[in-house]
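J.: So the chains spell out like this:
Number of protein chains: 2
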Amino acid sequence: MNILPINIVECYQKIKNQLTLTPILTHHALHNLIQGKVFLKAENLQIGGSFKFRGAFNKISQALASSPDIPGFIAGSSGNHAVAVATIARMMGKSALIVMPEDTPMTKITKVKKQKAEIVFYNRYQENREAVVERLAKDSGRHIVPPFNDPDIIVGQGTIIPESFNQLSAMGNTGIQSILLPCGGGGLVSGCAIAASHIFPQSKVYAVEPEHYNDLEKTLETGKQHTNDMQEKTICDSIMTPTVGNVTLPIIQKYNVKAISVSDEDVLKAVHFAAEELNIIVEPGGVVGLAALMRHTNLFFGQHVLVVLSGGNIDPKILMKSFNL
Amino acid sequence: MNILPINIVECYQKIKNQLTLTPILTHHALHNLIQGKVFLKAENLQIGGSFKFRGAFNKISQALASSPDIPGFIAGSSGNHAVAVATIARMMGKSALIVMPEDTPMTKITKVKKQKAEIVFYNRYQENREAVVERLAKDSGRHIVPPFNDPDIIVGQGTIIPESFNQLSAMGNTGIQSILLPCGGGGLVSGCAIAASHIFPQSKVYAVEPEHYNDLEKTLETGKQHTNDMQEKTICDSIMTPTVGNVTLPIIQKYNVKAISVSDEDVLKAVHFAAEELNIIVEPGGVVGLAALMRHTNLFFGQHVLVVLSGGNIDPKILMKSFNL
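Protein chains in written order, with our numbering: chain A, 38 to 362; chain B, 38 to 362.
Please note that a few of the clues may not be correct.
Because identical chains cannot be distinguished in the list, a pair is counted as satisfied if it fits within a single copy or across any two copies.
[Unchecked claim] Pairs of lysine-lysine, DSSO-like flavour, derived with a Cα cap of 30 angstroms: (1) K151 to K354; (2) K153 to K74; (3) K74 to K151; (4) K241 to K255; (5) K151 to K270; (6) K153 to K53; (7) K270 to K306; (8) K74 to K53; (9) K74 to K150; (10) K306 to K153; (11) K131 to K74; (12) K291 to K241; (13) K358 to K150.
Honestly, the hints are just simulated from the structure, not real lab data.
Let the sequences and hints guide you as you build the complete structure.
T.: See the structure below:
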């Protein structure tokens, strides 16, 4: 499927009444930092705590439109996507089954359980998650909601762009030169890159990765798909993926997305700035765009920049650590 | 001055482009709790971290319209009002002088200093703050920006109501039955009560106080102005005032506002809910409306309720404490 910008605008019209209209926040210290304007789209305030609600809602509502009698949904995820799928299934009166590694932190398990989802654990060293998901989907008749490598998911995530455009227009700002987005599997980046090509045609899209999980940066550099060493450490657990997807990567390449990376230290500073100056809680993997702006200031000097803060599912201990900087 | 609802709507039209359009957040657990609908207006995301920006901006812009050559502004406050006045003065290219008690916590001093304001300390056991402010205003030619007991301030704070109405309308909800507001000096409550009388005519307005700082509750009960014992302890420092003002009280009485109170324990639970479930940081004094909803559930059963979360200027240690509940 060749996704067009119009598909994303139409999707936004269809799902927008189900979303929280997350704010665009500003702070004079960020304007000063780049001698330009910085607009922070706070998707950590989305229902379920992240942008993942958008794609999952699009996928699930489309599945229900064509097959209203599906018994439920299944997703392999330990984080924001799991919460989104569980939340939407509950809203729709359907069951959700979430496939999680056995060593998932308890805080994440709790968030999914609060949404009444059933959880199946698997051993991530001995089993393949996708295989487990597919087997359980087949056994139970549940519909799979993939985390990123799927056109309906990509279209849903891209709805951040038309929504931000409407908000920026109302604020008198439409000329965005750079858009900074967290990148794990590339669902957010590919959807937003497609939409931005039409809605902010003068803009450059940046995919921001943690420094030892910069597979996209290396893949774009070499033209050869790079896979991350999953033994490397990062606090950005929500975007700690082996590689971007084979559906998302060609889109990212087609739209000339640029990849940049940030360190854990950069990320902690940005978590702290968001909490201390903006009163919002943003998780490490969700704040990398702001971290990149603060780290690579020269890239954005004098520009109008849109930064997506993508989620807030943080371990409170990391939030606290950020305050001791 | 007799403030009319139309004054507040007109003020909103005048100042709205200078404000952050703070979101209205929802959470299914709160809907379930009261078997109704709960809309949280997140003014902790306002510029400067609280609703205080609204009143101070209205006051300062009116002062500059009539006397553009004022050298600067002065305010007596150690908290959100101080940050708001300092922020706006900086935006306007004017100086700000903030009068603070000598024992103000360092975090609050830092927030004001970041806005380039000058600070004068006074001894709150030996000196009267208003007298210090008036003397310094006279000496320096600076214009006083009072924290709550002033018609322009009250009008500005009330702009939350027309703004929320516009947002709720876009969400398909206009029938609000209860409005919960934090109450210290009563600026927010009086402004919102005036506006709500016209905009949400079916609604009852609740002023929420900390349990040992419930002067308004006692004053409304007895008809005799009550003053709080300032030796009592509360974590709600931002609404820890000796009494509501003599300008705000008659408005609060005229519009039949009801006062209710909450304990520090209720407040900590609400701080935690906001952080854990909504990814926002709300200060104790700013979250009392949500605390009251969670505590006095029966009062709001089956209703559509608007709760204003008024500020986010929290001591990180209290935020952390809320996570250990």
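J.: Each hint: holds or not?
T.: Here's how the hints hold up against the structure:
no.: 1; hint: K151 to K354; result: both (21 angstroms within a copy, 27 angstroms between copies)
no.: 2; hint: K153 to K74; result: between (42 angstroms within a copy, 20 angstroms between copies)
no.: 3; hint: K74 to K151; result: between (39 angstroms within a copy, 19 angstroms between copies)
no.: 4; hint: K241 to K255; result: within (19 angstroms within a copy, 59 angstroms between copies)
no.: 5; hint: K151 to K270; result: within (29 angstroms within a copy, 35 angstroms between copies)
no.: 6; hint: K153 to K53; result: within (24 angstroms within a copy, 41 angstroms between copies)
no.: 7; hint: K270 to K306; result: within (18 angstroms within a copy, 34 angstroms between copies)
no.: 8; hint: K74 to K53; result: both (26 angstroms within a copy, 19 angstroms between copies)
no.: 9; hint: K74 to K150; result: between (40 angstroms within a copy, 23 angstroms between copies)
no.: 10; hint: K306 to K153; result: between (35 angstroms within a copy, 22 angstroms between copies)
no.: 11; hint: K131 to K74; result: between (43 angstroms within a copy, 22 angstroms between copies)
no.: 12; hint: K291 to K241; result: within (13 angstroms within a copy, 56 angstroms between copies)
no.: 13; hint: K358 to K150; result: both (27 angstroms within a copy, 24 angstroms between copies)
Of the hints listed earlier, there is not a single one the structure fails to meet.
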